[in-house]
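J.: If you want the building blocks of each chain, they are given just below.
Protein chains: 2
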Amino acid sequence: MERTDGYGEPTKVMVAVNESSLKGYPHPSISSRSAFEWTLSKLVRSNFSGFKLLFLHVQIPDEDGFDDMDSIYASPADFKRMKAIDKIRGLHLLEFFVNHCHQLGINCEAWIRKGDPKEVICSEVKRVQPDMLVVGSRGLGPFQRVFVGTVSEFCVKHADCPVITIRRNANECPQDPVDD
Amino acid sequence: MERTDGYGEPTKVMVAVNESSLKGYPHPSISSRSAFEWTLSKLVRSNFSGFKLLFLHVQIPDEDGFDDMDSIYASPADFKRMKAIDKIRGLHLLEFFVNHCHQLGINCEAWIRKGDPKEVICSEVKRVQPDMLVVGSRGLGPFQRVFVGTVSEFCVKHADCPVITIRRNANECPQDPVDD
Numbered sequence: 001m002e003r004t005d006g007y008g009e010p011t012k013v014m015v016a017v018n019e020s021s022l023k024g025y026p027h028p029s030i031s032s033r034s035a036f037e038w039t040l041s042k043l044v045r046s047n048f049s050g051f052k053l054l055f056l057h058v059q060i061p062d063e064d065g066f067d068d069m070d071s072i073y074a075s076p077a078d079f080k081r082m083k084a085i086d087k088i089r090g091l092h093l094l095e096f097f098v099n100h101c102h103q104l105g106i107n108c109e110a111w112i113r114k115g116d117p118k119e120v121i122c123s124e125v126k127r128v129q130p131d132m133l134v135v136g137s138r139g140l141g142p143f144q145r146v147f148v149g150t151v152s153e154f155c156v157k158h159a160d161c162p163v164i165t166i167r168r169n170a171n172e173c174p175q176d177p178v179d180d
Numbered sequence: 001m002e003r004t005d006g007y008g009e010p011t012k013v014m015v016a017v018n019e020s021s022l023k024g025y026p027h028p029s030i031s032s033r034s035a036f037e038w039t040l041s042k043l044v045r046s047n048f049s050g051f052k053l054l055f056l057h058v059q060i061p062d063e064d065g066f067d068d069m070d071s072i073y074a075s076p077a078d079f080k081r082m083k084a085i086d087k088i089r090g091l092h093l094l095e096f097f098v099n100h101c102h103q104l105g106i107n108c109e110a111w112i113r114k115g116d117p118k119e120v121i122c123s124e125v126k127r128v129q130p131d132m133l134v135v136g137s138r139g140l141g142p143f144q145r146v147f148v149g150t151v152s153e154f155c156v157k158h159a160d161c162p163v164i165t166i167r168r169n170a171n172e173c174p175q176d177p178v179d180d
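First to last, the sequence lines map onto chains U and C.
Its first residue numbered 1, the first sequence is counted upward by one per residue in the working numbering.
Its first residue numbered 1, the second sequence is counted upward by one per residue in the working numbering.
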């Protein structure tokens, strides 16, 4: 039995998180950290038992294999090993969020999926049926968006639950705004 | 001094509300009632002192004058009287939301503006700087949207704060989905 605040099932908030494009694993991107901090300070506040946070991290197969470009794959075991390393990197990212929730006493769950983030997030929303989805956003202008696509815009249009997009603070924006 | 839950300023949630296109004033539209009920049950929950709700009702000048088509305006006083009636209708709508909050002990404020709802909502967000904006939506398909435009889509793109769109329940959808 999960704890609640006496107002029925906790509000299930799915938070999509990814690693920093500048610092790599296990560091969360600026925008996913912003989304998480916003969720804590503006929604959960003091009501730790009223919410349950669901952290979804989607690994992009090609991108996450990039570090291994110089590696030699001589046997099926080598690929298996690479997959294990990917998984461990993702787990370290999720640890950041789960530890934080644990310290505060907030119920949470975290898991990893592989694929195209925007598609996977929407299919996981369909499967898990959270009350809302929180996605971070780099707050890119229209010109920058053309080249990078934005997961948040796709989710706002296609996810089967209310979606809220949290932009990074202007003062946390790196030199190249496409970085995160 | 406002009450809080001990976690800083209450989270300011602006909720855009309008009257029912079927029943008229003082009845709230299905979608604004859904947005309000969602805000209470999923965000505020038991944390009444942690949130402050800001109800904004935007009256559309032409549309709200429609009932007075058969009236005769013979003097400036007649126009003044019409404006007073509009205002009273809007106030009765806001009363629904404010009374509900008052019963629960949730801080709130409510006010009326005139103009194009999507523009006015975004300019009020700029002025009031809420932590988030909740807008109801009829959940219209692309074909229906062409003719009616949607306030929620505009706000998601242009409002200067995080925006969450709450769709009506399918079972509350009237025969003509453009009605609300």
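Misleading hints may appear alongside valid ones.
Said to hold, decoys possible - Partial chain U-side listing against chain C, Cβ under 7 Å, derived:
id: 1; residue: D5
id: 2; residue: N47
id: 3; residue: D131
id: 4; residue: V156
What the hints assert, rightly or not - Dumping the calculated PhoX-like pairs for lysine-lysine here, alpha-carbon to alpha-carbon at most 25 Å:
id: 5; chain 1: U; residue 1: K12; chain 2: C; residue 2: K12
id: 6; chain 1: U; residue 1: K114; chain 2: U; residue 2: K87
id: 7; chain 1: C; residue 1: K157; chain 2: U; residue 2: K157
Everything labelled a hint here was simulated from the structure, so no lab data went into it.
Beta carbons are placed, not taken as given, at the ideal position from N, Cα and C, and that holds for glycine.
J.: Against this structure, judge whether each hint is valid.
T.: Now the hints, each set against the structure:
| no. | hint | verdict |
| --- | --- | --- |
| 1 | D5 | holds, 4 Å |
| 2 | N47 | holds, 4 Å |
| 3 | D131 | holds, 5 Å |
| 4 | V156 | holds, 6 Å |
| 5 | U:K12 <-> C:K12 | holds, 21 Å |
| 6 | U:K114 <-> U:K87 | holds, 10 Å |
| 7 | C:K157 <-> U:K157 | holds, 12 Å |
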